[in-house]
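A.B. asks: Starting from the known structure of chain G, arrange chain F on it as the hints suggest.
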Amino acid sequence: MEDDLEKMTEIIRDLFDEYAGPVTCALSAGDVEQWDSLANVQLVVLMEQSFGIRFSTNEVGEFKTLGELLDIVKAKRAAQ
Amino acid sequence: MIPSGFPYLEKLIGRQLAAFPGHRSFLEKRFSPAGRVDFTFDEEIAEKVIQIAGKNLDRICEDYRRLSGIVLDEELHFRRTGRYRLSTFAQADEQVYSNADLMSCYMNGLLASQLWWSNHTEVLQFFRDDFIGHNPNGFSHLEIGPGHGLFLYFAAASPRCKTVEAWDISDASLEHTRQALAAMHLGRDVSLKKVNVFDAPREQFTSIAFSEVLEHLENPRDALRILRGLLAEGGRIFLNAPVNSPAPDHLYLFETPEHLLDMIVDAGFAVESSRLAPCTGATLKRARKLKLTISVAAIARKG
Numbered sequence: 000m001e002d003d004l005e006k007m008t009e010i011i012r013d014l015f016d017e018y019a020g021p022v023t024c025a026l027s028a029g030d031v032e033q034w035d036s037l038a039n040v041q042l043v044v045l046m047e048q049s050f051g052i053r054f055s056t057n058e059v060g061e062f063k064t065l066g067e068l069l070d071i072v073k074a075k076r077a078a079q
Numbered sequence: 000m001i002p003s004g005f006p007y008l009e010k011l012i013g014r015q016l017a018a019f020p021g022h023r024s025f026l027e028k029r030f031s032p033a034g035r036v037d038f039t040f041d042e043e044i045a046e047k048v049i050q051i052a053g054k055n056l057d058r059i060c061e062d063y064r065r066l067s068g069i070v071l072d073e074e075l076h077f078r079r080t081g082r083y084r085l086s087t088f089a090q091a092d093e094q095v096y097s098n099a100d101l102m103s104c105y106m107n108g109l110l111a112s113q114l115w116w117s118n119h120t121e122v123l124q125f126f127r128d129d130f131i132g133h134n135p136n137g138f139s140h141l142e143i144g145p146g147h148g149l150f151l152y153f154a155a156a157s158p159r160c161k162t163v164e165a166w167d168i169s170d171a172s173l174e175h176t177r178q179a180l181a182a183m184h185l186g187r188d189v190s191l192k193k194v195n196v197f198d199a200p201r202e203q204f205t206s207i208a209f210s211e212v213l214e215h216l217e218n219p220r221d222a223l224r225i226l227r228g229l230l231a232e233g234g235r236i237f238l239n240a241p242v243n244s245p246a247p248d249h250l251y252l253f254e255t256p257e258h259l260l261d262m263i264v265d266a267g268f269a270v271e272s273s274r275l276a277p278c279t280g281a282t283l284k285r286a287r288k289l290k291l292t293i294s295v296a297a298i299a300r301k302g
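Going down the list, the protein sequences come from chains G and F. Every letter in the first sequence is one number past the one before it in numbering that gives the first Met the number 0, and letter 12, counting from 1, is 11. Every letter in the second sequence is one number past the one before it in numbering that gives the first Met the number 0, and letter 236, counting from 1, is 235.
I should point out that these hints are in silico values taken from the structure, not numbers from a laboratory. You may find that some hints are simply not true.
FRET-style restraints, in silico, Cβ to Cβ [claimed, not checked]: (1) G29(G) <-> G233(F): 49 to 57 Å; (2) A199(F) <-> T8(G): 53 to 61 Å; (3) T23(G) <-> A182(F): 49 to 57 Å; (4) Q94(F) <-> R76(G): 33 to 41 Å; (5) R187(F) <-> E32(G): 38 to 46 Å.
Calculated pairs, DSSO-like style, for lysine-lysine (alpha carbon to alpha carbon, straight line, at most 27 Å) [unchecked claim]: (6) K10(F) <-> K28(F); (7) K192(F) <-> K161(F); (8) K301(F) <-> K161(F); (9) K63(G) <-> K290(F); (10) K288(F) <-> K6(G); (11) K73(G) <-> K6(G); (12) K6(G) <-> K290(F); (13) K63(G) <-> K28(F); (14) K284(F) <-> K192(F); (15) K288(F) <-> K193(F); (16) K28(F) <-> K284(F); (17) K6(G) <-> K284(F); (18) K161(F) <-> K193(F); (19) K10(F) <-> K54(F); (20) K288(F) <-> K63(G); (21) K75(G) <-> K63(G); (22) K63(G) <-> K6(G); (23) K6(G) <-> K75(G).
Just so it is clear, CB atoms sit at the ideal spot from N, CA and C, and this is done for glycine as well.
Bound conformation, chain G alone (with noise of 0.2 Å):
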């Protein structure tokens, strides 16, 4: 999860430049202006590609926060 979590934070430096408090698991879009619908989006898909998983259409709008979203990380690593 810590390994996780380092990526999720080069992602989330990337892709929100504006954003400089803390990245952790209770990170959610309210706490970053630019974290939009459309960026949301982004998110979902170069997390895609950083961790080799596909998240369902339902999936990329379910998620409250990052915690939320490394679980389903997590459960469809299990499932492979």
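C.D. replies: Frame of chain G, contents of chain F only:
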């Protein structure tokens, strides 16, 4: 979200949020850049949108919500593949243009987007102020693909505009434009004709608008060549197309602003001025880096 004194904008934002509460943060970002107090042009567009919508304002707002979902699906495909979903006109005709319900939603949603998507509003203002505003007295104007009618309205409303004409390949689209112009109380005749630009008559105009059409074509170079022939010597043309902008019927992917601007020059035009308008909330630098949508508008003459 906005200061008082802009009643049309306030009304439209309220109705949009009633139909699409989840869009609040987006609209706050759209209308709350630090220190911004002048919403005069936005107010003018809000008034026009409300006039065009008439009794269907809630429908327009609902269709914008639907369109936003459709665009997100296209965005997901684009981000995964680096390409637009469709590549031929036949595909677009089968999946989009022949679907009356989808087309109605699309047209309505695009009307609202003229105000909600800052790149659309910025290009519209560039058109009115820098293109129409600098056309000489007695200009003859042609718009191809007039759609929601806002660009055509600004051209026809200019007291320096002598004649104004618009072409489209669809009777339904022309009727849509005719109704929009009437709703905006234009008060002058506009010739709306069913013409395919690829079978264009041998006429010339001193002012041509071709906005958000190039990306719908398989080969925009062919259209630019024809447009050059339609433009009278000394005339001016307004060209506008988005880069990295996935949508249900977008076929040709412009990957950078320069991709489009170079194509315009290669087609024999000299660019007089241009405007790069990044999508809502993004700087141009960030839009370039992340390959976000940038509206690219150019005012050109024959080179």
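A.B. asks: State the violated hints by number, sorted upward, taking the hints as numbered earlier in the document.
C.D. replies: 14, 15
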